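Based on the provided sequences and hints, a complete structural model is requested.
Chains as they are written, first to last, in the numbering used here: chain E, 1 to 310; chain F, 311 to 819.
Each hint should be verified, as a subset may be incorrect.
[What the hints assert, rightly or not] Calculated pairs, SDA-like style, for lysine to any residue (alpha carbon to alpha carbon, straight line, at most 20 Å):
| hint | chain 1 | residue 1 | chain 2 | residue 2 |
| --- | --- | --- | --- | --- |
| 1 | F | 505 | F | 544 |
| 2 | F | 365 | E | 13 |
| 3 | F | 365 | F | 339 |
| 4 | F | 365 | E | 186 |
| 5 | F | 466 | F | 414 |
| 6 | E | 124 | E | 13 |
| 7 | F | 365 | E | 307 |
| 8 | F | 505 | F | 710 |
| 9 | F | 466 | F | 384 |
[Unchecked claim] A short, non-exhaustive set of chain E residues, derived as facing chain F with CB atoms under 10 Å:
| hint | residue |
| --- | --- |
| 10 | 169 |
| 11 | 184 |
| 12 | 297 |
If you are wondering where the hints come from, they were derived from the structure by calculation, not from laboratory data. Remember, it's a predicted structure, so these values are computed and weren't measured experimentally. Beta carbons are placed, not taken as given, at the ideal position from N, Cα and C, and that holds for glycine.
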Amino acid sequence: MDLSSINWLLLIAALMVGATPILLAAIGELVVERSGVLNLGVEGMMITGAICGFAVAVKTGSPALGFLGGALGGAVLSLVFGLLTQVFLSNQVATGLALTLFGLGLSALMGQSYVGIRPPATPKLDLGPLSDIPVLGPILFRHDPMIYISILIVALVWAVLFRTRAGLILRATGESAEAAHALGYRVIRIRLLAIACGGALAGLGGAYLSLVRVPQWTEGMTAGAGWIALALVVFASWRPWRVLIGAYLFGGLTVLQLNLQAAGMKMPVEYLSMSPYIITILVLVLISSGRGRISTSAPAALGRTFHAST
Amino acid sequence: MTTLFTADGLTKAYPGVVANDDVSFSVGPGEIHALLGENGAGKSTLVKTIFGLVKPDRGAMTLHGAPFAPADPSAARRAGVAMVFQHFSLFDALSVAENVGLGMENPPPLGRLARRITEVSREYGLPLDPSRRVGDLSAGERQRVEIVRCLLQDPKLLIMDEPTSVLTPQEVEILFRTLNQLSDEGTAILYISHKLDEIRTLCERATILRRGAVVATCRPSEASSAELAELMVGSALSRPERPAETPGGTILEVTGLTLPPASAFGTRLQDVSFTVGAGEILGIGGVAGNGQDELLAALSGEMPSAEGAIRLEGADIGRTGPRERRALGLLTGPEERLGHAAAPDMSLTENATLTGWQREELTRNGLIRWGRARDFAERIIAEFDVRTPGPDAAARALSGGNLQKFVIGREILQRPRVLVVNQPTWGVDAAAAAAIRQALLDLAREGSAVVVVSQDLDEILEVAGRFAALNGGRLSEPVPADGLTMERIGLMLGGAHDMEAAHAGAPHA
Numbered sequence: 001m002d003l004s005s006i007n008w009l010l011l012i013a014a015l016m017v018g019a020t021p022i023l024l025a026a027i028g029e030l031v032v033e034r035s036g037v038l039n040l041g042v043e044g045m046m047i048t049g050a051i052c053g054f055a056v057a058v059k060t061g062s063p064a065l066g067f068l069g070g071a072l073g074g075a076v077l078s079l080v081f082g083l084l085t086q087v088f089l090s091n092q093v094a095t096g097l098a099l100t101l102f103g104l105g106l107s108a109l110m111g112q113s114y115v116g117i118r119p120p121a122t123p124k125l126d127l128g129p130l131s132d133i134p135v136l137g138p139i140l141f142r143h144d145p146m147i148y149i150s151i152l153i154v155a156l157v158w159a160v161l162f163r164t165r166a167g168l169i170l171r172a173t174g175e176s177a178e179a180a181h182a183l184g185y186r187v188i189r190i191r192l193l194a195i196a197c198g199g200a201l202a203g204l205g206g207a208y209l210s211l212v213r214v215p216q217w218t219e220g221m222t223a224g225a226g227w228i229a230l231a232l233v234v235f236a237s238w239r240p241w242r243v244l245i246g247a248y249l250f251g252g253l254t255v256l257q258l259n260l261q262a263a264g265m266k267m268p269v270e271y272l273s274m275s276p277y278i279i280t281i282l283v284l285v286l287i288s289s290g291r292g293r294i295s296t297s298a299p300a301a302l303g304r305t306f307h308a309s310t
Numbered sequence: 311m312t313t314l315f316t317a318d319g320l321t322k323a324y325p326g327v328v329a330n331d332d333v334s335f336s337v338g339p340g341e342i343h344a345l346l347g348e349n350g351a352g353k354s355t356l357v358k359t360i361f362g363l364v365k366p367d368r369g370a371m372t373l374h375g376a377p378f379a380p381a382d383p384s385a386a387r388r389a390g391v392a393m394v395f396q397h398f399s400l401f402d403a404l405s406v407a408e409n410v411g412l413g414m415e416n417p418p419p420l421g422r423l424a425r426r427i428t429e430v431s432r433e434y435g436l437p438l439d440p441s442r443r444v445g446d447l448s449a450g451e452r453q454r455v456e457i458v459r460c461l462l463q464d465p466k467l468l469i470m471d472e473p474t475s476v477l478t479p480q481e482v483e484i485l486f487r488t489l490n491q492l493s494d495e496g497t498a499i500l501y502i503s504h505k506l507d508e509i510r511t512l513c514e515r516a517t518i519l520r521r522g523a524v525v526a527t528c529r530p531s532e533a534s535s536a537e538l539a540e541l542m543v544g545s546a547l548s549r550p551e552r553p554a555e556t557p558g559g560t561i562l563e564v565t566g567l568t569l570p571p572a573s574a575f576g577t578r579l580q581d582v583s584f585t586v587g588a589g590e591i592l593g594i595g596g597v598a599g600n601g602q603d604e605l606l607a608a609l610s611g612e613m614p615s616a617e618g619a620i621r622l623e624g625a626d627i628g629r630t631g632p633r634e635r636r637a638l639g640l641l642t643g644p645e646e647r648l649g650h651a652a653a654p655d656m657s658l659t660e661n662a663t664l665t666g667w668q669r670e671e672l673t674r675n676g677l678i679r680w681g682r683a684r685d686f687a688e689r690i691i692a693e694f695d696v697r698t699p700g701p702d703a704a705a706r707a708l709s710g711g712n713l714q715k716f717v718i719g720r721e722i723l724q725r726p727r728v729l730v731v732n733q734p735t736w737g738v739d740a741a742a743a744a745a746i747r748q749a750l751l752d753l754a755r756e757g758s759a760v761v762v763v764s765q766d767l768d769e770i771l772e773v774a775g776r777f778a779a780l781n782g783g784r785l786s787e788p789v790p791a792d793g794l795t796m797e798r799i800g801l802m803l804g805g806a807h808d809m810e811a812a813h814a815g816a817p818h819a
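Here it is in structure tokens:
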């Protein structure tokens, strides 16, 4: 195996691109879970966002409108979940799983006429002299705008959750829906907004996948990214900045695996593809064993159906 | 007398039950007014109506002489009505300041809010650290958070729903001083309770509710507790009689029991030791969250303990599970009726089978003998006067008192050597509570050992021969219950934590 054949600068730059879809989906799911709702349909919302974004971009020729379309597609699908779980009080886990399967099927149907087309290219952001800085330039300053937007979104989510009253109310709803209701907050409305926000971000992540990362449409192209995003939220113990770190770590593993493959590593690459999931399972075991602070960081009302009794 | 608040003909019906039936009463400014009634008398529905959580079917309210019909709690808060809930509406993972801010209409920024909390809590003798996590606070401290949250909004009418059920006697005294101070400043207080002595010392007037309707309005200080109780229940109550105990040999022996907390906000049991003899009832008192759940789990076998820590008639059962312990005769009745003591959606027959199958031989070769199981359930229903259509009814369909009679009766009929119950009469009406206490006394008279864990000190004094206090996971030395005063018990329960000092300097102390 020839490690010198790997261009480490390009690898780190590729890592950011590889991590962005998971990052967007995970930060969205974090908002949802902080409000006390467990939406397991991230994969379905991502793939729906991927095809919606792709279709809009191809039809209009504008990647920006494409991203918007992707976010909208994800949000609409997530509201199906919201309607079922919040208004009709269906089980969140079962509904979330159904949403994933539904999203995969729906996107395959919608995408039939888009297979094999190239989308309009998303231009790189021109940062002038910054891009020419040695080492840092290629790593940090030669990307498309979505990479920077995704980091801004993480910052925004953090600020809203922990620095504003709206975020406080959202977190309180996730801690105890009953108590929030008793204080006069509209639990169902808050949760529906959180779900829609999570859906939009998952859709945005999906659109990034089909418009920038790959970039083309193939059936089932998310290939488990939604599940990694779900695991990532737990892994990051429901904290926005940790989601960023975690996404880049997991994204890094995916990119590294491709490069190692190219460099002719003898070990089957499947081991590396498995690694994010194995790490996730280990983390989940650590959490449910109840040791340390991580087990107490989950929103207390996560996944519990709320029904106002009065 | 001027009036601050009036309710006129409030009526609210739920399917199958009229929670409030034509309720009218009035509260004057600065008055401490009691709403007295049994569980299910409609007190909670009434105050929820005032706080805008429930809309009445009929009737009207006025505040300051103007019509008052809050659409939601925030409208009620804007009008100057504040409420301290019985089950705290607090968020464990958030800080005191964040919790307070969530209950306010227009909270100031966190920093300024924290300073206001410190000021107000000092002024009223309820010290609080605004930056602490609520999950780490004691029950008394949590209540202070609720009260301070209300005080910061400068309420004209403060509703307190059963505020003393989680407090030690000393904490109750401090709370009363705070309430009197508020009343002197002109804040009216609507005080809900079923504890008659409290109401007689604190309240100027009382409105008594029975089955949703007002049955009397009186001056509690001029009535005896017995008179009030009769108005509340509708008939004179017979107190269970406690015979002189002659404990036989030791049946249950616990030595040096130490256990880690059951949950993130639980309490570690530290070196708990006690013995219970045949025919004896040991009462274990304490404010919730001081290790009751852990103690129950250790005794029932849900959490294994160290070898030799628990002995039943000399045999070491420290490491055996609930099933083996049941077979040996150690039965338990946990606190939570729905979900722990009984499976809510299963029928009474099925619930009877779940704990009774071993001792009542309700199974053979792994198959359930439904006929015997049904007979067992019917026997419980008949002997413990459980009001239900029959053994096929789902546990969920029973009222709290009836289900409690059923789950306690289920264990008693299995002729336990030791019966451990936690909060046996929590949320149960007075008649059912008296029946349950009598059943426990009868069980002890027949030679079983009984451990009653309860927050209700009156209950413990009524049934227990000896009393021990559980405080911060440690159990005090059991002492004879006869001649114990509330004050002594309060001190055993850890007194008032750090509240005493704060009031010493206050002008109203």
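Now for the hints, and whether the structure bears them out:
In summary, the hint linking residue 505 of chain F to residue 544 of chain F is supported, as the alpha carbons are separated by about 16 Å, within the 20 Å threshold. Proposed proximity of residue 365 of chain F and residue 13 of chain E is contradicted: the alpha carbons are some 60 Å apart, above 20 Å. Proposed proximity of residue 365 of chain F and residue 339 of chain F is contradicted: the alpha carbons are some 24 Å apart, above 20 Å. For the proposed pair residue 365 of chain F and residue 186 of chain E, the alpha carbon gap of about 16 Å is at most 20 Å, so the pair holds.
For a cut-off of 20 Å, the pair hint linking residue 466 of chain F to residue 414 of chain F stands: about 15 Å separates their Cα positions. This hinted pair checks out: residue 124 of chain E and residue 13 of chain E have alpha carbons roughly 13 Å apart, not beyond 20 Å. With a C-alpha separation of about 17 Å, the suggested pairing of residue 365 of chain F with residue 307 of chain E holds against the 20 Å cut-off. Distance restraint check for residue 505 of chain F and residue 710 of chain F: the Cα-Cα separation of roughly 19 Å lies within the 20 Å cut-off, and the hinted pair is therefore satisfied.
The hinted pair formed by residue 466 of chain F and residue 384 of chain F meets the criterion: a straight-line CA distance of about 15 Å does not exceed 20 Å. For residue 169 of chain E, the suggested interface contact is upheld, since its CB lies about 7 Å from the closest CB of chain F, less than 10 Å. A least Cβ separation of about 3 Å between residue 184 of chain E and chain F falls short of the 10 Å threshold, and the interface hint therefore holds. A hinted interface residue such as residue 297 of chain E counts as satisfied when its beta carbon comes closer than 10 Å to some beta carbon of chain F; here the least separation is about 8 Å, so the hint holds.
Checked against the numbered hints above, the structure violates hints 2 and 3; every other hint is satisfied.
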